[in-house]
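Colleague: Respectively, the protein sequence lines represent chains A and B. Each residue of the first sequence is one higher than the one before, counting from 2 in the numbering used here. Each residue of the second sequence is one higher than the one before, counting from 2 in the numbering used here.
You may find that some hints are simply not true.
Below, computed lysine-lysine pairings styled on DSBU-like, alpha-carbon distance capped at 30 Å [to be verified]:
#1 B:Lys271 x A:Lys125
#2 B:Lys361 x B:Lys157
#3 A:Lys125 x B:Lys361
#4 B:Lys285 x B:Lys264
#5 B:Lys157 x A:Lys125
#6 B:Lys264 x B:Lys88
#7 B:Lys351 x A:Lys125
#8 B:Lys66 x B:Lys157
Keep in mind the hints are simulated off the structure, nothing from the lab. Note that the structure is predicted; figures quoted are calculated from it, not measured.
As a plain string of letters, each chain reads:
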Amino acid sequence: MTASFVAQSLLNGILIGGVYALVAVGLNLIFGVMRIINFAHGSLMMLGMFTTYWLVSLLQVDPYLSIFLVIPILFGVGVCFQQVVIHPIMRAPEHNQLLVTLGVSLFLDNLAVVLWSPDYRVMKTAYADINYYVGDVSVSLVRLLAFVLAVGCTASLYFLLKKTDLGKAIRAASEESEGAELTGINVKKVYLISFGIGSACAGVAGAAVAPFFPVYPYVGNLFTITAFVVIVLGGMGSFVGAFAGGVIIGVADSIGAMLLPAAMKSVISFSLFILILLFKPSGLFGGRIG
Amino acid sequence: MRNEKKVSISRRDFLKNSAVAGTGLALGAVGFPAVLRGAQPPEIPIGHLHPLSGSLAFDGQEMRKGLLLAVKEVNEAGGIKSLGGAKLKLLDADSEGKPELAISSMERLAKSGAVAVVGCYQSSVTLVATQQAEKLRIPFVVSVAVADEITARGFKYTFRIQPNSEQMASYTLKYLREIADAANTPIKTIAYLHDNTAFGQPLAAHVKQLAPKQGLELILDVPYSPAAPDVTTEVGAIKASGADIVLDTGYFGDGVRVYKTMKDLRLQAKAVLGLANGAFSHPKFVQELGSIAENVMDGNYHANPLSEITKRAFANYKKEFNADMGSGTIFPYMAVYVIADALERAKSTKGEQLREALAKTDLKNHILPQGPLVFGPDGQNVNAAPVIMQVQNGSVKVVWPVAYADGKPIFPVSM
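So that you can see chain A by itself, here it is in the shape it has in the complex (with noise of 0.2 Å):
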């Protein structure tokens, strides 16, 4: 095993660490304002990703450019998610919200098979391939743009909720939404705020992945289950969780596809997630939301 190949593997396990937590960080929004685990985020990620590629390939919108169209497109489509299928259920029980969540995510997947076919597309730009060599370690600079974006988004989630008159609503109520009502926050437009922000941020994910990623329906899948390691791994609720859980996750699989046989790539990951809903089963950063 030669010291380019462990460093190869170890820096873009923490690039695609930072995609990672970037779908996880609109994830745990949700999660930690509303508590609905959201099985449609995927999709949504899907969404932003065709978004993105369609802006591109038609219009030849500059792929990092498109991330502004992207955002407010997203956060649309989950205030609508939100107003149309979450709300009505919000006091249901647990379980059921998850069915409704499962089945936004099926027809979401369909539709974007009757609607673009389920054709894998590449989408072409001039940064795709380019790379930068440190020796013999290649950077790709779309994974690095995806892991700056991850950064980004995350910071200025964190400066949000935590600065913000509106940061301090979505805190107040997620802790204690009647409570947060009595003192004239309006909770059902909180809500339809968090949902929208937790949208883009799986829409914004969609499009930072998408330079490097194949587009089609069901790509999503691939990164939902991912992303409820990282925030479980990670802390339900917090953001800075969300990003080191991505990127531990994302080095413990390069680690375990270096040393163990494929088969068993994801044991060391996995184990990290045992370990802590053994022992500390809010996360590493668990507690409240912020």
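Once you have looked at the hints, place chain B on chain A.
Modeller: Then chain B, alone, in the frame of chain A:
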């Protein structure tokens, strides 16, 4: 209680729906003059079971297109003449890529009157479906599924046109040796990256066993999960091995990811050669990846590009679906012709007679790069063989063996 209630609702719904359907049928019967209906030759339903939704939907839909095209061609040429010009009709069944749905889908196709079934693109699903076909006595022609086991269970109703994994691996390695020798390029070592499902695993076992016969040593064998979003570490390991030849097996989506990662990591080898790869020789792979796909090779099933019938099939496919016909699509397409040929000779749609006729198939007029299409006692096409293809100037050329080649191999490849 709850369950009972649900059942009664669905039963009521069912009754309501069937009442609607019944009315529709009755209206249909009233609406058409009896003479006209009498003049229509009977239809022969042929079922197919493929992943029409789910993560393999792209591949499954292609299988369906191949079937639709062949059914259309057979019908336009006058249908099954020995059965009064009866037209073929395709019945869809969606496997969703899940083996557990294969049994109920086969039952449903049987109830709808399918006289033969084509399927299933995945070895795992095909293993289950063929077992059910055996039970139901419905001839089953495998479209795409490479696992040897499918035709190794003594089944009487299972037939496979495509090369099995042993034929696939042994010919690909043999041709690789011939290409390298023809180019005076010594090759010694292979590293093999393959998916860890029922598709890649048997191929890996054959490569391990057959490589020494061609003077090759398998120095690294890396299975990966097609569901993993990232394969950088696996590809990194292959790169670090420094093997002369990189072999790769996978489905379409993961094949694209693997190949892009190879390019990102600047993997160096005398050739990257697919083995039954779902992506490397697919026209869509070339179309999507553009110039970086240049010169990648694939040992895979394909049509004989020199045959006139192939040219006609490719042109018709392009006209019908505005896309290029992939290698995999050739087999469902061929399956319809094999079934039509058997129906013609059997002069019957009964399972047993059709099976007898299929077993006696000796088809010389076909689009495959092989001699006559003859099934062995196990139902495997005995002359089946892959070809080596290579992406050259943006299109997929057959480069080996020379008898079926429409291009010359570029070897070693400068990467």
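Colleague: Confirm or reject each hint.
Modeller: Each hint tested on the structure:
1. B:Lys271 x A:Lys125: Answer holds: B:Lys271 to A:Lys125 is near 27 Å, not above 30 Å.
2. B:Lys361 x B:Lys157: holds, 12 Å
3. A:Lys125 x B:Lys361: violated, 50 Å
4. B:Lys285 x B:Lys264: The hint holds at about 18 Å.
5. B:Lys157 x A:Lys125: violated, 49 Å
6. B:Lys264 x B:Lys88: violated, 49 Å
7. B:Lys351 x A:Lys125: Cα-Cα ~52 Å, so violated.
8. B:Lys66 x B:Lys157: holds, 28 Å
Taken one by one, the earlier hints fail for this structure at numbers 3, 5, 6, 7, listed in ascending order.
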